[in-house]
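Asker: Each chain, letter by letter, is given below.
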Amino acid sequence: DAGVTQSPTHLIKTRGQQVTLRCSPISGHKSVSWYQQVLGQGPQFIFQYYEKEERGRGNFPDRFSARQFPNYSSELNVNALLLGDSALYLCASSLVGRGDSYEQYFGPGTRLTVT
Amino acid sequence: GEDVEQSLFLSVREGDSSVINCTYTDSSSTYLYWYKQEPGAGLQLLTYIFSNMDMKQDQRLTVLLNKKDKHLSLRIADTQTGDSAIYFCAEMQDRDDKIIFGKGTRLHILP
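Keeping their order, the protein sequence lines are chains A and B.
Per my numbering, the first sequence starts with residue 6, numbered consecutively.
Per my numbering, the second sequence starts with residue 289, numbered consecutively.
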């Protein structure tokens, strides 16, 4: 079975630009979460979506937004990029949403570099 | 607070046991996790333990949970060169499904 897939694998953008990252969950999983991992740190929670609804949001500015599609894939959008947005963006999928999504499986990530 | 603390580095000789320790602060944590991250890769879920358990064993991995002290440990028996990676301790809190990660422990294997 395919695991969580993310695209693109690497991306270079300049300050002020906008970026869209994509994630496809494990087949049958309905919940997708996004995390930001800055070099040398643990991942930080950005969003969780379940059944196309936002179920959780971390401490990130409004420049970060996401959505989930009917096929449960998801996009993360970041507007007005800053140098500090350079990080590995990880997507995790789980079978269900709130209260029972304890098995979260991560994709390989998208490495975003902002210059 | 939402802090998960773990030591940053651990060096272990090949064949010995590795013990990686972690402390967390939120008493409402329901699940506690260990993830492994190899260079340039995503996170691999190694094992997790529910907060009402004391111990969980899975082949070479043993997780111990002391809920009173909010202390979690991961023991890797017979450490091998393939175990060289960063290990993240993490907790899921009862009120939502976000996972809070520590900064990771880099495990270095000595020949």
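Hints are computed from structural coordinates only; laboratory data are not their basis.
Some clues are possibly wrong.
To be verified - Sample of chain A residues at the chain B side, in silico, Cβ under 8 Å:
| id | residue |
| --- | --- |
| 1 | Lys57 |
| 2 | Phe74 |
| 3 | Leu88 |
| 4 | Gly89 |
| 5 | Ser91 |
| 6 | Gln109 |
Said to hold, decoys possible - Simulated pairs of lysine-lysine, DSBU-like, Cα-Cα distance not exceeding 35 Å:
| id | chain 1 | residue 1 | chain 2 | residue 2 |
| --- | --- | --- | --- | --- |
| 7 | B | Lys391 | A | Lys18 |
| 8 | B | Lys391 | A | Lys57 |
| 9 | B | Lys358 | A | Lys18 |
| 10 | A | Lys57 | A | Lys35 |
| 11 | B | Lys391 | B | Lys356 |
| 12 | B | Lys356 | B | Lys344 |
| 13 | B | Lys344 | B | Lys391 |
| 14 | B | Lys355 | A | Lys35 |
| 15 | B | Lys344 | B | Lys358 |
| 16 | A | Lys57 | A | Lys18 |
| 17 | B | Lys391 | B | Lys355 |
| 18 | A | Lys35 | B | Lys344 |
| 19 | B | Lys355 | B | Lys344 |
| 20 | A | Lys18 | B | Lys356 |
| 21 | B | Lys391 | B | Lys358 |
A virtual CB, placed ideally from N, CA and C, is assigned to each residue, including glycine.
Asker: Next step is simple, just say for each hint if it's right about the structure.
Answerer: Hints, verified against the model:
1. Lys57: violated, 16 Å
2. Phe74: violated, 20 Å
3. Leu88: At 21 Å from the nearest chain B Cβ, Leu88/A fails the 8 Å test, so the hint is violated.
4. Gly89: Since the shortest Cβ distance to chain B is 17 Å, the answer is violated.
5. Ser91: With a closest approach of 15 Å, the Ser91/A hint is violated.
6. Gln109: Hint on Gln109/A: holds, closest Cβ of chain B at ~6 Å, below 8 Å.
7. Lys391/B / Lys18/A: Holds, at roughly 26 Å.
8. Lys391/B / Lys57/A: Given that 35 Å is the threshold and the Cα spacing comes to 30 Å, the pair holds.
9. Lys358/B / Lys18/A: The hint is violated at about 41 Å.
10. Lys57/A / Lys35/A: Holds - the C-alpha atoms of Lys35/A and Lys57/A are around 9 Å apart, at most 35 Å.
11. Lys391/B / Lys356/B: holds, 22 Å
12. Lys356/B / Lys344/B: holds, 17 Å
13. Lys344/B / Lys391/B: Since the Cα atoms of Lys344/B and Lys391/B sit roughly 23 Å apart, the hinted pair holds (cutoff 35 Å).
14. Lys355/B / Lys35/A: holds, 31 Å
15. Lys344/B / Lys358/B: Roughly 16 Å separates the two Cα atoms, so the pair holds.
16. Lys57/A / Lys18/A: holds, 28 Å
17. Lys391/B / Lys355/B: holds, 21 Å
18. Lys35/A / Lys344/B: Holds, at roughly 28 Å.
19. Lys355/B / Lys344/B: holds, 14 Å
20. Lys18/A / Lys356/B: Answer violated: Lys18/A to Lys356/B is near 47 Å, above 35 Å.
21. Lys391/B / Lys358/B: Given pair Lys391/B, Lys358/B holds - Cα atoms ~17 Å apart, limit 35 Å.
Of the numbered hints given earlier, the model fails hints 1, 2, 3, 4, 5, 9 and 20; all others are met.
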